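2 protein chains.
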Amino acid sequence: MNEKEKVLFINFFENKKAIMRRVAIIGVGFSKFGERWDKGLRELALEAGIAALEDAGLKGEQIDAGYVGTMASGSFSGQEHIGSLLADYLGINPIPITRVEAACASGGVALRQGYLAVASGLHDIVIVGGVEKMTDLSTEQVTEILGAAGDQEWELFMGATFPALYAMMARAYMHKFNAKEEHLAAVAVKNHKHAKNVPYAQFRNEITIEDVLNSKVVSSPLKVLDCSPITDGAAAVVLCPLDMAYSYTKKPVEIIASAHATDKIALHSRESLYEIKATKIAAEKAYKMANVSPKDIDVAEVHDCFTIAEILAIEDLGFFKKGEGYKAAYEGLTTLDGEMPINTSGGLKAAGHPVGATGIKQAGEITLQLQNRAENRQVKNAEIGLCHNVGGSGGTAVVHILKIV
Amino acid sequence: MNEKEKVLFINFFENKKAIMRRVAIIGVGFSKFGERWDKGLRELALEAGIAALEDAGLKGEQIDAGYVGTMASGSFSGQEHIGSLLADYLGINPIPITRVEAACASGGVALRQGYLAVASGLHDIVIVGGVEKMTDLSTEQVTEILGAAGDQEWELFMGATFPALYAMMARAYMHKFNAKEEHLAAVAVKNHKHAKNVPYAQFRNEITIEDVLNSKVVSSPLKVLDCSPITDGAAAVVLCPLDMAYSYTKKPVEIIASAHATDKIALHSRESLYEIKATKIAAEKAYKMANVSPKDIDVAEVHDCFTIAEILAIEDLGFFKKGEGYKAAYEGLTTLDGEMPINTSGGLKAAGHPVGATGIKQAGEITLQLQNRAENRQVKNAEIGLCHNVGGSGGTAVVHILKIV
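Protein sequence lines correspond, in order, to chains A and B.
The opening residue of the first sequence carries number 4 in the numbering used here; numbering runs sequentially from there.
The opening residue of the second sequence carries number 4 in the numbering used here; numbering runs sequentially from there.
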């Protein structure tokens, strides 16, 4: 028994602690994101799920369990009971698939549950997916359905949509730190530039700061090009215990931290409008669990549902000081070749934001980066990456840290 | 190191198996079930959650995590992001609460995730709840929303509601085994009789076989009194590692098995119409995990969304032979003082069926029975109990086995 084993032994037999396994990502898959009028909810999930299984070199019958994140399939498509639906369509009955929901953080929370299922020893091969089919309804209907991520009785019912909630955060931030609309716009410009090289992205066109500033106001100061789009799409990753991972891939990526925090669901109950406290708490837990600091992160996917959200995220995650994040995108520090590359996928803004899929897409993108498979959007020598997924206006935050083994 | 510890030791260090902890239920709470026009979704969840915490003698700040099952809060109440909402209203931010959904088995699946969170060692004190607020809409709207538990594209869209799907199963069963409408009716009569003694139940009135036979046809052969009602309600249980349980209760109830299986979501794709295969598979797994047989079960809560569903359940769970379950209720074998007491809570039929809450209510009821706290509905000497929760027309089944320690 070596020293590490001795500690585990004492922990279990004397302190009655359980012992968890190390967990790796061994396959990733994406559907094309966009207005996917050719496919429904189940077909999109299958497109990503099958791609992830093929990437891991696995067959359906080798899966032990699944998790899927989707926010509002009941409202978007009249379909709940997604676990049964997808086990059926993937052809893997009677394997259990569990659907989880945490608004726009549904994917991140699903990944955390999948991680737990493997780490605990309950299951070996677990597929985790996220999916949302959003474009079958009008923009007004979609906006109302997304409002269900906030406090229905005290926000949505009173007329506060999500662009309005984030606009209030943007105004508070701009006022406090003297940021301008062009600083926000720089986030969108950078993310569109990144998405040019992303095969699955919804928007692969470059835009300029002027384009953003001149685009139609949605909720001042946020304009259309400050907002992530309405997107159909799905993403999936396959997990297994690290010990088994080399049977499936030469480059397993380990999940070295998984953290989930909540905050007041309504914006008006928060302590501050210019930070997302749940992000700070989840990040702190994750850094501690992984025994790393923000400086150790080589690449990150963060939740930029609106441009202001990316600025808050890169501050709350500790990459930049509070009140200085807005300069980072503007000065090019967060581009692919900058000192802290953020959202090489194009983020929610340009890759698209199929709500339940976003948290899984982030993990997929970071996995590709750490495996040196990100082609012409590759961050050099990326060894540790972070995924940051937010639900609502900050009622939920999930942070995962991944590392190439 | 004793023999059992040696096996664990070898498993972990040589076979790289994780080690899970034993998990106990230490508190239960119910909201009153019924047409609760006095309370919304969040208040119902709180009513049950606070009752469960008080039952365990715990304060909110002692909770490490939560899980909540709800099927369709988005469609019923315009509210998703239930984890954040309830962490907020329970006053326990930043603790993570995770919402899971599996149609009418949402509660059972939530319990399984909560069990896993404790067993794995990730969390110690975990609250698991279920809630549904259904009576704010018309019966037609509710019927359509519940249809989302089936295959939206191939069943609901074509006009097949849930009463229609179960009516087809009832017809197939009656034809195959020569059962009559009065045999089905006997299930409802028995469950109403049980609910008379259940404080939280929606319907505490006795009914007769004639009442059922003369009630309005919903989808022949199912009549109104063959169907579970539309109900507002919530239930909660508190879990912790068995080692810690005696700090909170003199009578911890251990979860000795937790199993979840899926099947084709659409009825027309199933192998048989007179059995629910997912129930059989989940039960088989659960009996194996707990190392017990159906004969060892002293009391069970089964998923009687329609009278025919209870008959299928008691057969598929192995309490009665296939084709003979219909005689059991008719002959009184499944009453409180019968040889196999089923649904002492009154079941979904008479206690009510707030969809997401049902699986948790079942665990709460069985816990009370095993702790000898079920008052005038107490099953004598009950030591081992079973909970059986179904999603849709059988696309999901979850089975838990509980035992007094």
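Quick caveat, the hints were computed from the structure, so don't treat them as lab data.
Since this is a predicted model, take the numbers as computed values, not measurements.
There's no promise every hint is true.
Identical copies look the same in the list; a pair holds intra-copy or inter-copy alike.
[To be verified] Derived lysine to any residue pairs resembling SDA-like cross-links, with alpha carbons at most 25 Å apart: (1) LYS324 to ASP41; (2) LYS288 to PRO232; (3) LYS298 to VAL227; (4) LYS288 to GLU64; (5) LYS254 to ILE233; (6) LYS291 to GLU64; (7) LYS62 to SER250; (8) LYS324 to GLY162; (9) LYS288 to MET23; (10) LYS291 to LEU245; (11) LYS288 to GLU46; (12) LYS406 to LEU125; (13) LYS42 to HIS271; (14) LYS196 to LYS291; (15) LYS42 to ARG174.
Cross-check of the supplied hints:
1. LYS324 to ASP41: neither (44 Å within a copy, 47 Å between copies)
2. LYS288 to PRO232: neither (31 Å within a copy, 44 Å between copies)
3. LYS298 to VAL227: Answer is neither; intra-copy 33 Å and inter-copy 64 Å both fail.
4. LYS288 to GLU64: between (35 Å within a copy, 18 Å between copies)
5. LYS254 to ILE233: For LYS254 and ILE233, neither the intra-copy (34 Å) nor the inter-copy (52 Å) Cα distance is at most 25 Å.
6. LYS291 to GLU64: Result: close only across copies, 21 Å inter versus 37 Å intra.
7. LYS62 to SER250: within (14 Å within a copy, 47 Å between copies)
8. LYS324 to GLY162: neither (33 Å within a copy, 57 Å between copies)
9. LYS288 to MET23: both (17 Å within a copy, 23 Å between copies)
10. LYS291 to LEU245: within (20 Å within a copy, 28 Å between copies)
11. LYS288 to GLU46: neither (36 Å within a copy, 30 Å between copies)
12. LYS406 to LEU125: Classified as both; 23 Å inside a copy, 21 Å across copies.
13. LYS42 to HIS271: Between copies, since 22 Å is at most 25 Å while 39 Å is not.
14. LYS196 to LYS291: Classified as neither; 33 Å inside a copy, 55 Å across copies.
15. LYS42 to ARG174: Answer is neither; intra-copy 39 Å and inter-copy 36 Å both fail.
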